[in-house]
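> Below, each chain spelled out in residue letters.
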Amino acid sequence: MLVYLKIYRYNPEAGRNVPSYDTYNIEAEPTDRVLDLLEEVKGHIDGTLSYRRSCAHGVCGSDAMRINGRNMLACKVLVKDVGSEITVEPILGLPVLKDMIVDMEPFFDSYKAVMPFLVNDDIPADGKERLQSPEQRERFDDTTKCIMCAACTTSCPVFWADDQYVGPAAVVAAHRFIFDSRDQAGDDRLKILSDHGGVFRCRTAFNCTEACPREIHVTQAIAEVKQAITS
Amino acid sequence: MASSVSPIKTTAAGYVGYQGREGHYAFLLHRLTGLGTLLFLLIHILDTSTVYFFPALYEHAIALYRSTPFMLGEIGLVFAVVYHGVNGLRIAVTDLWMPKRWAIQTQRKAVWTTLVISVILWAPAALWMLYNMLLHNHGINILPFIGTH
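One line per chain: the protein sequences are A and B, in this order. Following our numbering, the numbering of the first sequence begins with 1 at its first residue and continues without gaps. Following our numbering, the numbering of the second sequence begins with 232 at its first residue and continues without gaps.
In isolation and in its complexed conformation, chain B is listed as follows (with noise of 0.2 Å):
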């Protein structure tokens, strides 16, 4: 008798255990920012719903967005949505226009250069996340030179 595989199993084990190369990690990567998006976003509409329903929650709500933790998971959320754009780019424009380019040497560079222009356009904007939550939580300023608004 054939050892029942059960989908659920069988795709934690591969996703966590397949030694892929490049092409698996942007996967795992690309799935992984998509559903913490997805996450953020339902978040994002309940809090917003308490207007309505709580406003006294809402206030809460906002309060919490305002916390060091919550501010830290939003510079992770703006990674989130940048790389999985990019890759979704890099996927779309292979497979659309140029399916000669879903070749090995050309997709394990293209994944790098997916990861490295995700990054470049993430760090502004997580630098002055970062900035904020720091001046305002904190009282430390890491960009003297702007001053304090």
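So here's chain A without its partners, still in its complex pose (with noise of 0.2 Å):
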């Protein structure tokens, strides 16, 4: 299938100022990935075009962008499920660099304010490991599952505003700690979300959930840590 691809362009470098978008023509596989699209054009047509991929199979989170305006990973999306008119731009609500390329350090800023490790300093009572039930377990594993491809958090109005919201993916991180058994910081990581740019400026536009490409249930995350702030 013959698929008609238009890109966001921006590189200051370059003298690409004032974002732009190019467009090309592409013969396609319907069961092609969006990222192949890409590669295509990178690889043959024009090497200059930037975006970040690694592993290109869904677990590294590096190649989030806007795909017919909504946010999704190149490289777990078929052609045949987004049709033959494929818009794609960079996430929203982080300063772009270059083409795809957004700074990430907004982001990560968010992620390492929320203590996003296991605190602990007693001795585990065999000198040796921490046990935890299965269920113990099985209470945070939903947010287990973040690759930190930043797709929820761009995708929230709330953050699109205002910049000082952690945004979905730092709660999703604090829950993960928050609801750990084996974890002493639930408290002060509870604290840091309850303040102006914690967890009480969601909306609830449920973006975030519908954005995620590990299925995570990013809302109902945020919602539970909003329970343990107030209970």
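It cannot be assumed that every hint is accurate.
Lysine-lysine pairs mimicking DSS-like chemistry, simulated, CA-CA at most 30 Å apart [what the hints assert, rightly or not]: (1) K340/B x K76/A; (2) K128/A x K145/A; (3) K76/A x K112/A; (4) K6/A x K76/A; (5) K76/A x K331/B; (6) K145/A x K112/A; (7) K76/A x K145/A; (8) K145/A x K80/A; (9) K240/B x K6/A; (10) K112/A x K240/B; (11) K80/A x K42/A; (12) K191/A x K112/A; (13) K240/B x K76/A; (14) K80/A x K340/B; (15) K6/A x K42/A; (16) K191/A x K145/A; (17) K112/A x K331/B; (18) K145/A x K331/B; (19) K145/A x K340/B; (20) K112/A x K128/A; (21) K331/B x K191/A; (22) K80/A x K6/A; (23) K76/A x K42/A.
Source of the hints: derived by calculation from the structure; they are not laboratory data.
Join these two chains into a complex; the hints should help.
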């Protein structure tokens, strides 16, 4: 099938200071991924096209972008699922550096702010490991799946308007440790998330849950953190 | 150098351009109906204040409220208040008591259910207001079995 591909371009170092779009007609299989189309352009038509990709199999979380107006991983979405006219743009709300590459630092700053690591200074009972029941492990299983692609945070209307909001991904990261029976810093994280830029900025637009390529119940995780703060 | 991101531009681009699912549009409608109701309340405070400060203007304001464009706006206002309330209940009940219902299929349905409930609650009031507007402003009786009052 012939695909009409429209790609966002921005490259101030090469004189493209004003964002614009390049268009291509690409021959593709319906089962090709959108990433394959970008590889075709970069490899055979215009080597200056820039985007992040690493594993190309939906695990590393590098290639989140807006495809036909919605956040997706280019390596996970098939051409047949988005049609023969495809527009590719960078994710919203983070400064664009070049083409599809955005500055992820503000996103990672929010991630770091919620202490995304296990805190426990006690010596384990047997001196070796901290045991956990299957039920205790299940409690936070969903939020362990995050690959930090930023598809959720940059689909959030609150984040678009206010970059002080930590965003859904940071709350997911916090949820993963708040509900971990081995962790001891839950109260610290809840205090951070009850502040001005915390969970109560969430307006439950639900874009985050729809955008998550790992199918994490993001809005549910945010609601559970809200409940943990108020209870 | 990164392209500077203006929050207002980003928000406008996202509100209008992001191709979200039901939740995205429910969020936009909630915001629109909320801001619409707020705008009406501000205007209403202003026009009511003219009773004290400029009584002659108050008569003029009341006449304006009885004009067809304003009455159509009031019918829209009733929808705004009803939708904002019902959708607010959906969000509050789910968020406070049923976080597990923040699931994709459940919410896609819940957004539509909210809209249907809002329209059902709005329709009788809208019909009654439309009846009065057409009768008094244009002499048309769309509910002849009720007669004129």
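> A separate judgement is required for each hint: does it hold in the structure or not?
Tested hints:
1. K340/B x K76/A: It holds: about 26 Å lies between the C-alpha atoms, which stays within 30 Å.
2. K128/A x K145/A: Holds, at roughly 26 Å.
3. K76/A x K112/A: Satisfied, since the Cα-Cα distance of roughly 27 Å is no more than 30 Å.
4. K6/A x K76/A: Holds: K6/A and K76/A sit about 19 Å apart, inside 30 Å.
5. K76/A x K331/B: Holds, at roughly 26 Å.
6. K145/A x K112/A: Given pair K145/A, K112/A holds - Cα atoms ~17 Å apart, limit 30 Å.
7. K76/A x K145/A: holds (16 Å)
8. K145/A x K80/A: Holds: K145/A and K80/A sit about 26 Å apart, inside 30 Å.
9. K240/B x K6/A: Answer holds: K240/B to K6/A is near 21 Å, not above 30 Å.
10. K112/A x K240/B: Satisfied, since the Cα-Cα distance of roughly 27 Å is no more than 30 Å.
11. K80/A x K42/A: This hinted pair holds, its Cα atoms lying about 21 Å apart.
12. K191/A x K112/A: Roughly 15 Å between the alpha carbons, so the hint for K191/A and K112/A holds.
13. K240/B x K76/A: At roughly 29 Å apart (the allowed maximum being 30 Å), K76/A and K240/B satisfy the hint.
14. K80/A x K340/B: holds (26 Å)
15. K6/A x K42/A: At roughly 13 Å apart (the allowed maximum being 30 Å), K42/A and K6/A satisfy the hint.
16. K191/A x K145/A: Holds, because 24 Å separates the two Cα atoms, which is no more than 30 Å.
17. K112/A x K331/B: holds (27 Å)
18. K145/A x K331/B: holds (17 Å)
19. K145/A x K340/B: holds (26 Å)
20. K112/A x K128/A: OK: K112/A and K128/A at ~28 Å, within 30 Å.
21. K331/B x K191/A: Measuring from Cα to Cα gives roughly 23 Å; hence the hint holds.
22. K80/A x K6/A: holds (16 Å)
23. K76/A x K42/A: holds (18 Å)
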